[in-house]
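**Student:** Chain Y is fixed; fit chain P onto it per the hints.
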Amino acid sequence: MVDTQLVLWGQTIAYSSYAIVIILLMSWFGYNVSKPGKAGLVKPAIFYTFVGFLTVLGVSLHIVTYNTIPWTAIDLNRDDIQADKTFYITVENHEFKLPSEKLRIKVGEKVVFDVTSNDLTYGFGLFRKDNSMLMQMQVVPGHRNDIMWEFVQPGTYTIRSTEYSGPKGTRMILPDVVEVTN
Amino acid sequence: MNFKDTFLVGEQGLFKPESLTPMQKLLLKFVVVGLIYYGFAVIEGMIMRIYQIEPIAALGEHQYFAILTAHPLVGIFGSTYSIVFGAFLFVVPFMMKKPLWSYKLGCWTFWLITIGTLTFWLSGFISHYAPLYTLYWPLPVDFTQFNPMGGIFFILGIALVMLGAVFFVINIFMTIGYTPEGWEKQPSGALMASALGYSGLRNLFKKKKKQKEHLVPLPVAAVARGTVDVALNAGIILFTGVLILVYMIAHVMGFSFKDTAIDALLYKNWFWWGLDLIADGLVLIFVAGTWYLITMMITGKKIFMGNIARAALLVELIVSWTVWSHHLLSDQAQPAVLKIVSGEMVTAFELITQGLAFFVVLVTLWSARPLKMTNELKFLLGGLLGFALAVPAGIMQADIGLNRILHNTQWIIGPHVHVAILIGLTMTLYSAIYLLFPIVTNGAKLYSQKLANFHFWAHLIGGIGMGAFMGMAGLEGMLRRTIYFNGEFDLYMILAGLSGSLLLFAFLAFFFNIVMSLGLFGVIGIFTPSKLDSKLLVPEEK
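Sequence order for the protein chains is Y and P.
The letter at position 134 of the first sequence is residue 134 when you use the working numbering, and the numbering goes up by one with no holes.
If you count the second sequence from 1, you need to add 1000 to reach the working numbering.
One chain only, chain Y, in its complex shape (with noise of 0.2 Å):
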């Protein structure tokens, strides 16, 4: 299945890749054009070749994406899928407050995460164990900020805020309180 870690895996290798190659085009570019040598005319259809690739490699990355990530169509169809569990969260004075002590999970449930500022913007991410990232969205009062993910695999997850706060938002973790089983 894929998950978050596949995915910063494949985006760690295509754009170390491209920059290692952009690093050498430049630096070829740089050595050579100050040597003595034909300049040589470029043709426009070289140019509108390379505009077009542009504008092809902008779209497609989107289209790729979309068909490759899991949770940007479910994200964007969450409105029409059945969540099998729903938990409330609000936000007050840089704390979170569950519905329960441990929010748990079952692997394959699709969970809808519903959160509720109270007054700050704030943000809402879960966090493996070796704190990489495994989600999260934005905290908006005022409005519903709701995200609906399907865990892949079982875990231990901790609650943090995302978002700049104030200097109090520094300590909002919850750790260890989702936990994923099968």
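It is possible that some hints are incorrect.
[Claimed, not checked] Just the calculated beta-carbon pair ranges, DEER-fashion:
1) P:M1149 / Y:N182: 19 to 27 Å
2) P:D1533 / Y:S17: 54 to 62 Å
3) P:F1205 / Y:L57: 24 to 32 Å
4) Y:D3 / P:L1491: 46 to 54 Å
5) P:N1442 / Y:S16: 42 to 50 Å
6) Y:Y48 / P:I1249: 27 to 35 Å
7) Y:L57 / P:N1486: 34 to 42 Å
8) Y:W9 / P:K1212: 52 to 60 Å
The set of hints was computed from the structure by calculation and includes no laboratory data.
All C-beta atoms, glycine included, are put in the ideal place defined by N, C-alpha and C.
**Tutor:** Same frame as chain Y, but now just chain P:
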């Protein structure tokens, strides 16, 4: 000359501040102040880098977040606005071959930005007012965390900078369109149409024989387009500032307005629309314009596919008005249509507009080879590389799926923001400074080429290194805008800190090189009044 003499009068005593025109002095003042504020931003950045490795006991969390609030604002307004506005107030009349419309208004811009930046920086430093530059409602009016008096001075400082920006806008457009005294009547409307891209757009749909010649050079057209975004952005920030001020003054006077009167999501859309006019608007357009200017001056050639480049500037202007929603991809109440159209699709256009500028600049440079690897050329190549790295990083995070695991992480602020600003933008500005240095100083000589080389490599490696290590931490879940107390990401933060220190040393080397080139008396002389005519850009040849 010995070291002491060089320090006092500059390299070979060549710099004579009394020979400078008021316009040259104005530009140099902008640059000196801009570099000093850049120094502020670098030192603040290093303090935060250390804090991310190990929170500094002597520096409280409130002070840390006050620094985090001031840092980008000092960097963008105090440093970049100063250098860019100063350069464009000189370059636009230089390329239009006529005097600046109002030298006095240019001076007002300088003082308003200088004093405004100092005001908001000091108010943050003293009062620890720290709602960050994002000012997410109702945080800026949360008086349980922030002192309203500190906030009032902070907002007033920002307002002064914006007023300076408004004066810059007026000066640029008036300079393009006005008729100087004693001149034949200038076609104001046609000049403005050319500057804003209307005539260029019309040319695209006409046969070559019927195409009209551009009245305004390409770099000036870029300045004009970017200046439209400066104007809109100043309006948004001023309006928001007034809104926040109303709440603060009411609180100080004993009244309490309900902060729920403002819709937090609508406000966030509004404010990001305005902020993105800087980040995804004027910065990209101004940078493209500066690339074109530097390339034309280095090669002596016109820009390859210049007509298309003009049209792209117009497209970029429209993109900058419709691109803001990529900042709200993690806001679940944001309409999906805005996320997809504005957040993903329009944002992807930046890959095209910036990629196009990148391509035509490289082709133009290539067509003029062999070129001497001067300081301006190597910094220009550095600037191009910076955007080639940072723009695709931004396109990736402006994706609904990827944003879910990247938003507010160090990935955003590292490989995207800091690489764009430090490598893309700042190296472009350094290129312009090295290029314009002999013109603006009437032939002063750079003190040390070795220091300039060190400046280049230390800045390039430091900037890319810092962005890369921050990005790696971000991919492993490290958030921005928070503090880690238990060394969770120490390895990456130590490496990012070492890279950051390279940036600091690069800046110190550059600043020392400039001071030694001009001499202490020369630097002081920049701030004394010039006896020459303020309409002159450079001294008349005898």
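**Student:** For each hint, tell me whether it holds in the structure or not.
**Tutor:** Hints, one by one, checked against the model:
no. : hint                         : result
1   : P:M1149 / Y:N182: 19 to 27 Å : 57 Å, violated
2   : P:D1533 / Y:S17: 54 to 62 Å  : 57 Å, holds
3   : P:F1205 / Y:L57: 24 to 32 Å  : 27 Å, holds
4   : Y:D3 / P:L1491: 46 to 54 Å   : 24 Å, violated
5   : P:N1442 / Y:S16: 42 to 50 Å  : 47 Å, holds
6   : Y:Y48 / P:I1249: 27 to 35 Å  : 56 Å, violated
7   : Y:L57 / P:N1486: 34 to 42 Å  : 40 Å, holds
8   : Y:W9 / P:K1212: 52 to 60 Å   : 54 Å, holds
The structure shown violates the earlier hints numbered 1, 4, 6.
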